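Number of protein chains: 2
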Amino acid sequence: MKNPVRIAVTGAAGQIGYALLFRLAAGDFLGPDQPVRLQLLEVTPALKALQGVVMELADCAFTTLADVSTSDQAESAFKDADFAFLVGAKPRGPGMERSDLLLGNAEIFRVQGRALDEHAARGVRVIVVGNPANTNALITSRNAPGINPRQITAMTRLDHNRAVALLAARANAGAADVRRVCIWGNHSTTQYPDLHHATVSGRPALQQVDAAWYKDEYIPRVAKRGAEVIAARGASSAASAANAALEHMRDWVNGTRSGDWTSMGIPSDGSYGIPEGLVYSFPVTCHGGNYTPVAGLDVNAFSRERMDATRRELEEERDAVKQMFAG
Amino acid sequence: MKNPVRIAVTGAAGQIGYALLFRLAAGDFLGPDQPVRLQLLEVTPALKALQGVVMELADCAFTTLADVSTSDQAESAFKDADFAFLVGAKPRGPGMERSDLLLGNAEIFRVQGRALDEHAARGVRVIVVGNPANTNALITSRNAPGINPRQITAMTRLDHNRAVALLAARANAGAADVRRVCIWGNHSTTQYPDLHHATVSGRPALQQVDAAWYKDEYIPRVAKRGAEVIAARGASSAASAANAALEHMRDWVNGTRSGDWTSMGIPSDGSYGIPEGLVYSFPVTCHGGNYTPVAGLDVNAFSRERMDATRRELEEERDAVKQMFAG
Chain H
0 MKNPVRIAVT GAAGQIGYAL LFRLAAGDFL GPDQPVRLQL LEVTPALKAL QGVVMELADC
60 AFTTLADVST SDQAESAFKD ADFAFLVGAK PRGPGMERSD LLLGNAEIFR VQGRALDEHA
120 ARGVRVIVVG NPANTNALIT SRNAPGINPR QITAMTRLDH NRAVALLAAR ANAGAADVRR
180 VCIWGNHSTT QYPDLHHATV SGRPALQQVD AAWYKDEYIP RVAKRGAEVI AARGASSAAS
240 AANAALEHMR DWVNGTRSGD WTSMGIPSDG SYGIPEGLVY SFPVTCHGGN YTPVAGLDVN
300 AFSRERMDAT RRELEEERDA VKQMFAG
Chain U
0 MKNPVRIAVT GAAGQIGYAL LFRLAAGDFL GPDQPVRLQL LEVTPALKAL QGVVMELADC
60 AFTTLADVST SDQAESAFKD ADFAFLVGAK PRGPGMERSD LLLGNAEIFR VQGRALDEHA
120 ARGVRVIVVG NPANTNALIT SRNAPGINPR QITAMTRLDH NRAVALLAAR ANAGAADVRR
180 VCIWGNHSTT QYPDLHHATV SGRPALQQVD AAWYKDEYIP RVAKRGAEVI AARGASSAAS
240 AANAALEHMR DWVNGTRSGD WTSMGIPSDG SYGIPEGLVY SFPVTCHGGN YTPVAGLDVN
300 AFSRERMDAT RRELEEERDA VKQMFAG
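Which chain is which? The protein sequence lines are H and U, in order. Every letter in the first sequence is one number past the one before it in numbering that gives the first Met the number 0, and letter 262, counting from 1, is 261. Every letter in the second sequence is one number past the one before it in numbering that gives the first Met the number 0, and letter 72, counting from 1, is 71.
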């Protein structure tokens with residue numbers, strides 16, 4: 000057995016947290032030979048419920064679970080963390096304006112950014128799941144000057160997986176037959192699921208589905224899939240979100256498969272006309288524990304328009320919270 | 000990739016089902032090279048919520064998930080099933096007598112036993128999770144004369160895992176250091192967690208904990224752990240129950256580790272004075288896809304008394320539902 004790694008999870012008693020923790024503890028993230036220490040953060044009123052979750056984790060007798068700690072203090076949960084899943088966020092309440100939601104979350108992620116900066120391992124890899132994920136990641140990063148911004152990412156993998164699954168279903172193929180789908184931009188309804196580079200069973204995806212379906216049905220359906228799940232299930236996506244977070248981190252560590260890529264919200268390096276530093280979803284390949292945005296893709300006018308629309312939304316979000324940036 | 004296997008899951012939209020399905024679909028049961036078809040059963044009013052779960056399963060783009068079907072008819076869900084996780088059961092309502100609970104569930108499992116008998120693969124392996132699990136398994140079996148009763152089992156793995164974890168914690172050891180714990184009898188508060196054969200780090204467990212703790216704290220705490228979780232979490236054990244169900248089936252298929260055993264509710268072969276056919280939890284080893292009760296263990300007076308008490312409870316349960324047996 001290797002030495003344990005420390006994994007911090009925020010919002011650990013929530014529905015996504017509950018779906019995520021048992022898979023992390025079972026070895027689904029780092030494999031059966033890598034023990035993990037889970038460092039769980041919750042708001043004070045949820046600590047009792049979290050204790051019940053800790054009991055259930057114990058009751059699994061996982062050989063890969065070295066230890067579990069709980070806290071309502073980010074400083075404690077992020078101490079020496081090698082990985083951080085920032086799942087907890089303030090949900091949109093009744094009558095709340097989007098700007099209220101942005102600022103409410105900005106405060107949470109400012110605090111967490113500082114705590115990561117002061118307490119996490121220098122190589123910590125962070126995924127922000129809590130919405131608005133891209134801008135929350137940006138705030139986290141801008142309050143953690145001692146951590147390379149490339150280590151703080153936002154999840155668009157759930158959108159990516161939805162895009163893969165809905166394309167596979169349309170093309171009567173399996174998910175494994177689909178490659179090079181990507182999500183550009185914000186994890187919001189402005190996101191742009193791009194099939195111009197995608198293949199199904201080795202053939203171009205856009206030769207296998209019709210253009211009207213792609214534009215009028217597929218793009219909005221991927222972007223609004225969360226609402227579709229809520230309408231059926233009576234609860235928001237939890238297990239699929241947890242799975243996406245796990246896969247985002249696993250691919251980052253272990254690499255993407257040959258001939259394929261995935262989508263991650265990352266600080267732009269200026270590629271594709273996206274302003275440097277904006278946390279924007281790009282197609283990326285992962286290798287050797289690092290991710291690299293896919294370079295040199297053709298961007299036609301159809302794509303350009305959508306990539307810019309979601310970029311503008313992210314710029315507006317950034318401008319609405321910039322008073323929360325340190326320094 | 001191999002040919003898909005068919006896995007039926009009942010109560011699929013419930014909390015245990017929700018925690019179980021994503022792990023089955025992710026390959027946690029049969030590995031990354033074995034595609035699965037999930038055949039999900041729910042009561043009619045839960046079919047809409049189940050559709051939301053199916054969407055989330057699709058949204059994971061699992062390469063090991065070949066197909067998902069849903070139904071409110073056992074005949075359909077069990078069609079050609081290679082494995083069946085019988086999770087759904089009637090919960091105990093306010094003012095309900097134990098006999099009402101037994102009979103209400105007996106009717107459910109009579110129907111499911113017949114459906115398995117008529118529609119499942121002849122080699123189907125069944126785990127009953129829904130309570131009262133042992134007696135529900137007995138009814139299922141007694142209504143499925145064409146299926147070897149040894150293929151229809153009840154889950155005591157959650158109790159087993161709890162017993163391992165609580166012993167490990169007491170002995171300041173890891174779960175992997177604990178071996179040969181076992182649960183005898185009924186998945187109820189009469190169950191008997193037996194440490195007389197258990198070791199921690201190779202040394203006898205009962206030399207490492209004191210006798211009063213074992214008798215007065217450990218045994219009742221393992222037996223009542225479910226209530227402890229509910230009190231903290233505000234909801235009953237779900238992810239830990241799903242994990243136990245998965246491990247029960249995985250060990251049955253893949254085998255128990257060398258030098259260790261697990262606990263399964265199985266039809267007694269008459270060993271240890273337990274009447275033949277009663278579904279009673281025994282220590283078992285698994286090898287080559289089969290389980291074998293551990294033979295020849297010494298049973299002292301302390302153990303005998305507890306093994307008989309839980310046996311008597313199971314006989315009473317059996318007698319309360321025997322009008323539900325076929326033939």
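Errors might be hidden in some of the hints.
Same chains, same label: a pair holds when it works inside one copy or across any pair of copies.
[As the list claims (entries may be wrong)] DMTMM-like mimics (lysine to aspartate or glutamate), calculated; alpha carbons at most 20 Å apart, straight line:
id, residue 1, residue 2
1, 47, 227
2, 47, 275
3, 1, 176
4, 89, 307
5, 47, 79
Keep in mind that the hints were calculated from the coordinates and are not lab data. These numbers come from a predicted model, not from an experiment.
Consistency of the hints with the structure:
With identical chains, the CA atoms of residue 47 and residue 227 are at most 20 Å apart between copies only, with a shortest distance of 12 Å across copies and 32 Å within one. With identical chains, the CA atoms of residue 47 and residue 275 are never at most 20 Å apart, being 42 Å at best within one copy and 44 Å at best between copies. Proximity of residue 1 to residue 176 under the C-alpha cut-off of 20 Å is restricted to the inter-copy arrangement: shortest distance 16 Å between copies versus 35 Å within a copy. Taking CA atoms no more than 20 Å apart as the test, residue 89 paired with residue 307 passes in neither setting, with 27 Å inside one copy and 53 Å between copies.
Proximity of residue 47 to residue 79 under the C-alpha cut-off of 20 Å is found in neither arrangement, the shortest distances being 24 Å within a copy and 44 Å between copies.
The earlier numbered hints that this structure contradicts are 2, 4 and 5.
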